[in-house]
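Protein sequence lines correspond, in order, to chains S, V and C. Counted from 1, the first sequence has number 58 at position 58 by the working numbering; the numbering is strictly sequential. Counted from 1, the second sequence has number 219 at position 219 by the working numbering; the numbering is strictly sequential. Counted from 1, the third sequence has number 282 at position 282 by the working numbering; the numbering is strictly sequential.
The set of hints was computed from the structure by calculation and includes no laboratory data. Hints may contain errors.
Claimed, not checked - Distance condition first, Cα-Cα at most 20 Å in a straight line; then the derived EDC-like pairs of lysine to aspartate or glutamate:
id : chain 1 : residue 1 : chain 2 : residue 2
1  : S       : K138      : V       : E139
2  : C       : K246      : C       : D350
3  : S       : K65       : V       : E194
4  : C       : K151      : V       : E194
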Amino acid sequence: MKTLKALLLALSALLGTARLTAADEVNLFGWSEYIPQEVLDGFTSETGIKVNFETYASNEELLSKLVAGGGAYDIVQPSDYTAEVMIRRGMLAPLDPAKLPNLRNIGAQFRSLPHDPQGKFTVPYMTGTVGIVVNTEKVKDPIKGYKDVFKEKFKDRLVVLNDNREIVTWALYSLGLSINDITPASLAKARPVVANWVKLVKVFDSDSPKTALLNGDVDIGVVWSGEAALLWNENKKFHYVLPAEGAHMFVDTLCIPASAKNKDAAHKLIDYIMRPEVSKIISDKFPYTNPNLAARKLLTPEQLANPASYPASNTARTFRDIGTAAADIDKLVTDLKSAQ
Amino acid sequence: MPAATPALPVSDHSRPGWKAWALLAPMVFWLLVFVVIPGIILFVYSFCERDEVGGVIFNFSFDNYRRVFDPVYLRIFARSIGYAGLTTVICVVIGYPVAYYIGRASEELRNRLLLLVMVPFWTSFLIRTYAWITILKQEGMLNSFLAAMNLGIGPFNLLYTPTAVVIGLVYAYLPFMILPIYGSAEKLDNSLIEAAYDLGAGPIRAFSSVIVPLTMPGIAAGTLLVFVPAIGMFAITDLMGGAKVPMIGNVIQNQFLQARDWPFGAALGVIFMLMFALTYVILQRRGSRSTA
Amino acid sequence: MIEIRGVTKRFGAFTAVDNVSLTVNAGEFITLLGPSGCGKTTLLRLLAGFETPDEGAVLLDGVDVSHEPPYRRSVNQVFQSYALFPHMTVKDNVGFGLRMQNVPTAEAEGRIRDALATVSLAEQADKLPHQMSGGQRQRVALARALVCRPKVLLLDEPLSALDAKLRHGMQLELKHLQRKLGLTFVFVTHDQEEALTMSDRIAIINKGKIEQLGDATEIYHRPRTPFAADFIGQANLLAATIILRKGATATVRLESGLELVVACTDLPASATKALVSIRPEKIHIGRVPAVAENVFQAKIEEEIFQGATDQLRLITDQGTKLHALVANESATQVAFHEGDRVYCSLHLDDIVIVQAE
Chain S
1 MKTLKALLLA LSALLGTARL TAADEVNLFG WSEYIPQEVL DGFTSETGIK VNFETYASNE
61 ELLSKLVAGG GAYDIVQPSD YTAEVMIRRG MLAPLDPAKL PNLRNIGAQF RSLPHDPQGK
121 FTVPYMTGTV GIVVNTEKVK DPIKGYKDVF KEKFKDRLVV LNDNREIVTW ALYSLGLSIN
181 DITPASLAKA RPVVANWVKL VKVFDSDSPK TALLNGDVDI GVVWSGEAAL LWNENKKFHY
241 VLPAEGAHMF VDTLCIPASA KNKDAAHKLI DYIMRPEVSK IISDKFPYTN PNLAARKLLT
301 PEQLANPASY PASNTARTFR DIGTAAADID KLVTDLKSAQ
Chain V
1 MPAATPALPV SDHSRPGWKA WALLAPMVFW LLVFVVIPGI ILFVYSFCER DEVGGVIFNF
61 SFDNYRRVFD PVYLRIFARS IGYAGLTTVI CVVIGYPVAY YIGRASEELR NRLLLLVMVP
121 FWTSFLIRTY AWITILKQEG MLNSFLAAMN LGIGPFNLLY TPTAVVIGLV YAYLPFMILP
181 IYGSAEKLDN SLIEAAYDLG AGPIRAFSSV IVPLTMPGIA AGTLLVFVPA IGMFAITDLM
241 GGAKVPMIGN VIQNQFLQAR DWPFGAALGV IFMLMFALTY VILQRRGSRS TA
Chain C
1 MIEIRGVTKR FGAFTAVDNV SLTVNAGEFI TLLGPSGCGK TTLLRLLAGF ETPDEGAVLL
61 DGVDVSHEPP YRRSVNQVFQ SYALFPHMTV KDNVGFGLRM QNVPTAEAEG RIRDALATVS
121 LAEQADKLPH QMSGGQRQRV ALARALVCRP KVLLLDEPLS ALDAKLRHGM QLELKHLQRK
181 LGLTFVFVTH DQEEALTMSD RIAIINKGKI EQLGDATEIY HRPRTPFAAD FIGQANLLAA
241 TIILRKGATA TVRLESGLEL VVACTDLPAS ATKALVSIRP EKIHIGRVPA VAENVFQAKI
301 EEEIFQGATD QLRLITDQGT KLHALVANES ATQVAFHEGD RVYCSLHLDD IVIVQAE
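Excised from the complex, chain S in its bound form (with noise of 0.2 Å):
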């Protein structure tokens, strides 16, 4: 009898918890290594509402546990072509401008592209390029583009992104090809340059390229452009430059889910990520372009300069979707780098 009025006691206890989590919480899934616990604790000391965070490593893994249904969360932080999927979908709710006050702090060049043209569903977080870093120290050559990091010469010196279709894409790049209508024709002709580079590379990843440049194991990398701010902040030996063929650039976003039971505070937290001096926080620790321009006007003229993080020229393009051509292009670079 005792056990059970105990039982019956935790319960209630529980649903009790459960009611306050609507009130005065929100649930953010993110991914790992980008939003700084300094920014969460700030939004709750300032309005008492708390942040339960959540991480993923990749968008497939966020795509896979909203489609399972698992977990109630009130924002997300798609990339850009994962949030086009969503949209499609309808799997995000559209935000409300008004209560958005410091989306008037985004560049204009960032809320119109692709997978959100009228910028309802998403507001960009950061974003990036995809692109070369070199060992000035070790490699004297003039580096503009793929076809001059995938050479002979520097067989076993190359580090890349241990991410499929971002190879594919650089190969269709220096084909001038389109990088997001992927087709088997031109799979077909990506397939021998491809080929040609696996065998040149030394180290996949993409976690963190940027160990094996410093550890010197090798001499170049194409690597994500916040790898390479970081990498130039530890030694200006290391250049980052916009592949001339043609770069991939990402936007990460953040957007509530048309499932979301806490919209209001979801709002709140992302318009106080878009607050200049936030947004200057995350900058601090992860240097890859700040698409809020009031942020880039408190940052200090040396992380301004950082050739990866605001190269001169930016004419990436961003990835689309590509449905179930990933499957044709996973299984290309699996029997290719296999074949070695």
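Guided by the hints, dock chains V and C onto chain S, whose structure is given.
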């Protein structure tokens, strides 16, 4: 009833009563929730199709299995088995003498040595793997040491090579070879070894014709514990091999995390489980033959 | 054949074998008898080569083999646990030694067959050890050692795991086999009855030393030490004072005052005190006195029926307590009962001085 029990000891052994089931219940529950049900889901998914986002559509076909037998993936299976086989052999060669020595040592020494074998498990596997990276990298501890010793050998270009992968695999799985062999060696009756010597067997022949066959169950268990997980290992090939050569574990991981093709990943997983079962059956047969 | 010269073996501070010398003759059945921990097994292991002596030497056919490993000694051992290889058939177990000596297959086949026939296991050649009974395993172990034609066969308590009936059968069988094949056996046991049944000579071992060496009758009838008297069979050990000596006889007085005439051959002249041993079955009990050097009266305190014998606890009129054994010769025999007064008769040869000072 109690009087009848001693007369029917056989039925007592073969069928657990409700008390036995009550004791087994947590394990049965665990197996059901974490092994059987996921296994069934995996099996069902492997006959389905993926949709655009990466969801699973229940459209029954054998397409995924047809893809598994595509030469691309067969070659990867073969390579994974090769690496795992090499790892297993090296683990036996290195692990056997260690395990045998520990098994025959005095009890006090034995417990200390066993503790040493377990010590690596106190640290996270990833941290230990990163430690190997700092040892093997171009400007790492090994090459610095060789340079400092001025021996005229090195520097070696080890990290991100197949050698590094095998070093990583052997390091990760060696304890799983040592512990079961230790178990067999510890149980080995010393008078059997003495009998072999007494009958004229020198140390080598006593080892090959008595000690090895009698510790075969340990070697078989160790092989199972090393070979099968080594086939599926992907973290080491990524971190120490530079993700250059995909192993079957990498391919499966990619289906779930990059290619958004759960059904194909499931089919690869099912084949992988079948391989495990096959290895088990083969080793079990050999084991029961040698110690029947 | 085998010569052990002043061998000492220590394990840390414990001396397992203490300056032991012993010669074993060819074709002899010698038993090392003693309680557990007395050093008999260590002595055997020194012969086999599993231990090396700290001092002294082990010679085999005149050659010092003290530091030869077991696989270079032409002795073989039958282990207490049999130590059959569980992964080999009976045939392969028996053939193991021959394989190690690289005996040609054809010859080996014949020898294995003979060895198995010798121990009556010809039909069981293809069985695995765990499919056999204890007695059969014992025979396999024997065959496995015999097939190597060792100069000496060492047996370490080989019968201790068998039940009493089987043990008796095997004792006789082993003895028979040893005689038939003319082999030299060194047999270790803690079972005095086994030792008496089988051995040509017995070495009684206590605390790492040989207490007494001799054939079975000598050991039994003429124990030299209190330990030998007590360990073999049963004995009444009684403290006495030597009160008179006359040639090969002496008169001793027990603590109770009872005086006995005993035989003494090598009693030191200065000795005044002695410990005498009387075997229980040697005390003749009767309603009337029998002809003997010593005759005294006693009362039966307790009587225990033991099948072939009756065990009696007696107290003499002087107050000495004695054990006696009486054969139950026929069912109609008038039994002794508690409280009966009887005559005890003892020949002087049946009272042995085991200690004197």
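Against the structure, the hints:
1. S/K138 - V/E139: holds (15 Å)
2. C/K246 - C/D350: Within the cut-off at roughly 17 Å; holds.
3. S/K65 - V/E194: violated (62 Å)
4. C/K151 - V/E194: holds (18 Å)
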